[in-house]
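Chain order of the listed sequences is A and Y. For the record, in the first sequence the residue sitting at position 127 is 126 according to numbering that gives the first Met the number 0, with numbers rising by one throughout. For the record, in the second sequence the residue sitting at position 65 is 64 according to numbering that gives the first Met the number 0, with numbers rising by one throughout.
Since the hints were derived computationally from the structure, they do not count as laboratory data. Because the structure is a prediction, the values reported are computed rather than measured. Be careful, since some hints might not be right.
Below are the SDA-like pairs computed for lysine to any residue, each with C-alpha atoms no more than 25 Å apart in a straight line [to be verified]:
no., chain 1, residue 1, chain 2, residue 2
1, Y, K102, A, D86
2, Y, K165, Y, P219
3, Y, K27, Y, H188
4, A, K100, Y, N53
5, A, K106, Y, E101
6, A, K114, Y, K211
7, Y, K86, A, T45
8, Y, K236, Y, V36
9, A, K114, Y, Q78
10, A, K100, Y, G38
11, A, K114, A, D86
12, Y, K27, Y, K211
13, A, K100, Y, R107
14, A, K106, Y, K105
15, Y, K102, A, C109
16, A, K127, A, T45
17, A, K106, Y, R99
18, Y, K105, A, F110
19, Y, K86, A, V190
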Amino acid sequence: MKHGATTLTEAFLGLTIGTVLGFIIAVVMDHYPLAYKSVYPLMVVTQTVPTVAIAPLLVLWLGYGLLPKVVLIVLTTFFPIAIGLLDGFRSVDPDAINLLKAMGANKLQCFTHIKLPSSLSHFFAGLKISVSYSVVGAVISEWLGGFYGLGVYMTRVRKSYSFDKMFAVIFFISFISLLLMSGVTLLRNAVMPWDRKKN
Amino acid sequence: MEKLVAKNITVSYEGANIIENISIELNKGEIVCLLGVSGVGKTTLFNVISGLLNPDEGRVELDGRDITGKAGNVSYMLQKDLLLPYKTIIDNVSLPLVIRGEKKSKAREITANYFKEFGLEGTEKKYPYQLSGGMRQRAALLRTYLFSDQVALLDEPFSALDSITKDAMHEWYMQVMDQIKLSTLLITHDIDEAIILSDRIYIMAGKPGKIKEEIIIKEPKPRDKNFKVSENFMKYKRHILSIL
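Next comes chain A alone, as it looks inside the complex (with noise of 0.2 Å):
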């Protein structure tokens, strides 16, 4: 089914290049305090312009391509994993980090051995909503303009009332980002031993 694959190769780009992206915001933002206070207001902003606005601008800017649907995800992926690491980065153990300190370690060692690892749970979390997000946002930008895609599908089989392969395809979607949503929980397992055996 090539639609399918259609849009799966788009939520994987962009869910890669937005957790990419997401990480690096968020070692920039929780290092700099004043990139903190610049960057987060606007990454809010981002988030609170509807998804269905911006889609057919990226369409007329981007193309019917690949690319305006892989943007669409990127901006729609990062902000859960941004937030889900800085939060994790700004609630480690001062102690912690004190005692790293006091063993005479470098900014970087603390945050290799406390700040990322304690903030593995943060970034699954954000990790899991970016995922279905990833998916549905693939479907909405195919929607507005493509020519492959379960989007393109769904507004073909609209247009033709065969609402019967819509609701097909509806499932289908749902299948897919529970199968990714368990993927991810899979990776956090392995991921993250210690977890998985206090559980």
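With chain A's structure known, arrange chain Y on it following the hints.
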């Protein structure tokens, strides 16, 4: 021989002195207790000695070398055990070596040799939440020792334990100390603990915190179980209570 000296340490916060003109010294192989009520500035003094905090006045010397405001010279064990939940015990304990630039595998190798001595064998691959309070404290202590075998600062290391576990830990601790001869400064607000463990006790009191008195415990080491109920012990305790 003086190992660690803190001279005329004064620390102020927002204009008011927290600790004032504190001078203490720690000889090689000694266990010295800082005893005082909560909030008297014991932890502040430790932060200065460990180099986390710069004092307003005074200096800290290790083996005659000025280490004021320089972290990484003396090891510091904070009130909580602070074992990182996402690292196995061996990785937790070997952390100071890794921070110092040792390779992870080498650090594990060095660390593994100490597990038996500290009564931790079999816990290497476990995570902290799988250990009892006493075992966690042992692990934290081993980590402190690996960080520096020169001087250790212990901030209420046994305060989170129940009294039976605490007694067992005291006994274990004195045994280990007898072997490794680590010079130790220990904070406590438990008078019994101070008398049992230490060679000398500094009593801190007042606002701002000052050293009120220095008490020398002239008892042979290792001390046996009966010391706790002996007349001598009571004498020390009465004396300390009269000061506080």
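We went through each hint and held it up to the structure:
| no. | hint | verdict |
| --- | --- | --- |
| 1 | Y:K102 / A:D86 | violated, 31 Å |
| 2 | Y:K165 / Y:P219 | holds, 21 Å |
| 3 | Y:K27 / Y:H188 | holds, 24 Å |
| 4 | A:K100 / Y:N53 | holds, 14 Å |
| 5 | A:K106 / Y:E101 | holds, 17 Å |
| 6 | A:K114 / Y:K211 | violated, 41 Å |
| 7 | Y:K86 / A:T45 | violated, 37 Å |
| 8 | Y:K236 / Y:V36 | holds, 15 Å |
| 9 | A:K114 / Y:Q78 | holds, 20 Å |
| 10 | A:K100 / Y:G38 | holds, 23 Å |
| 11 | A:K114 / A:D86 | holds, 11 Å |
| 12 | Y:K27 / Y:K211 | holds, 23 Å |
| 13 | A:K100 / Y:R107 | holds, 21 Å |
| 14 | A:K106 / Y:K105 | holds, 23 Å |
| 15 | Y:K102 / A:C109 | holds, 17 Å |
| 16 | A:K127 / A:T45 | holds, 20 Å |
| 17 | A:K106 / Y:R99 | holds, 13 Å |
| 18 | Y:K105 / A:F110 | holds, 22 Å |
| 19 | Y:K86 / A:V190 | holds, 12 Å |
This entry does not satisfy hints 1, 6, 7, going by the numbered hints stated previously.
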